[in-house]
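J.: Starting from the known structure of chain A, arrange chain B on it as the hints suggest.
Protein chains in written order, with this note's numbering: chain A, 8 to 118; chain B, 3 to 115.
Derived from the structure by calculation, the hints contain no laboratory data. Mixed in with the good hints there might be a few duds.
If the Cβ cut is set under 8 Å, some of the chain B residues that face chain A in the computed set are [unchecked claim]:
1) S35
2) L45
3) Q102
4) Q104
5) G107
6) G109
Yeah, the Cβ is synthetic: ideal placement off N, Cα and C, and Gly gets one too.
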Amino acid sequence: GENVEQHPSTLSVQEGDSAVIKCTYSDSASNYFPWYKQELGKRPQLIIDIRSNVGEKKDQRIAVTLNKTAKHFSLHITETQPEDSAVYFCAASNAGNMLTFGGGTRLMVKP
Amino acid sequence: KAGVTQTPRYLIKTRGQQVTLSCSPISGHRSVSWYQQTPGQGLQFLFEYFSETQRNKGNFPGRFSGRQFSNSRSEMNVSTLELGDSALYLCASSLAGSNQPQHFGDGTRLSIL
Numbered sequence: 008g009e010n011v012e013q014h015p016s017t018l019s020v021q022e023g024d025s026a027v028i029k030c031t032y033s034d035s036a037s038n039y040f041p042w043y044k045q046e047l048g049k050r051p052q053l054i055i056d057i058r059s060n061v062g063e064k065k066d067q068r069i070a071v072t073l074n075k076t077a078k079h080f081s082l083h084i085t086e087t088q089p090e091d092s093a094v095y096f097c098a099a100s101n102a103g104n105m106l107t108f109g110g111g112t113r114l115m116v117k118p
Numbered sequence: 003k004a005g006v007t008q009t010p011r012y013l014i015k016t017r018g019q020q021v022t023l024s025c026s027p028i029s030g031h032r033s034v035s036w037y038q039q040t041p042g043q044g045l046q047f048l049f050e051y052f053s054e055t056q057r058n059k060g061n062f063p064g065r066f067s068g069r070q071f072s073n074s075r076s077e078m079n080v081s082t083l084e085l086g087d088s089a090l091y092l093c094a095s096s097l098a099g100s101n102q103p104q105h106f107g108d109g110t111r112l113s114i115l
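Isolated chain A (complex conformation):
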């Protein structure tokens, strides 16, 4: 089955700096890659997703890049703000709606 690894497990940045979270996946048939943000005690919230026919996608301060050859994808957050502090999860899916999640990254943005 699919296996998704996520790094780093914790990330601390100063407000205004950029943050990058990286994930690798094992199943070359995976073709959908969402990212979720989960604040303490709250539901995972979909923040951006990318499909395998696209190499990059942006939404304001958030961008995701995908390298199918290397089987890795990354989340980039620019101009970080304290409200970006949360746990971020990457996921991969090759069919249906079965998401395999990475282990999560705890992002801390220091004011």
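T.: Just chain B now, kept in the frame of chain A:
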């Protein structure tokens, strides 16, 4: 549009009991997926239901089961509860079709004593 609604929010059970959790998807969403979230194992896929049929199944024992009704609402059941079943159970709904964006509910926090 109302989001995904899960009930109850909290449950306390003892070992050996069984439990049923409920999920109402976003209006118009016909696919419902269930996930278990624990500090040790992270987020793990349990199963997905679409048109009242289980479409995908994760690697969980047969004590975990589910069903979907004609109005797309879904329930999951866990029988013979074990201490290790303590977790946050999350439901996510999406539109019909493969690899549609999934939107999560607030979850049911299940504690086993």
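J.: When the hints from earlier in the document are held up against this structure, which numbers fail?
T.: Hint check: nothing fails, all pass.
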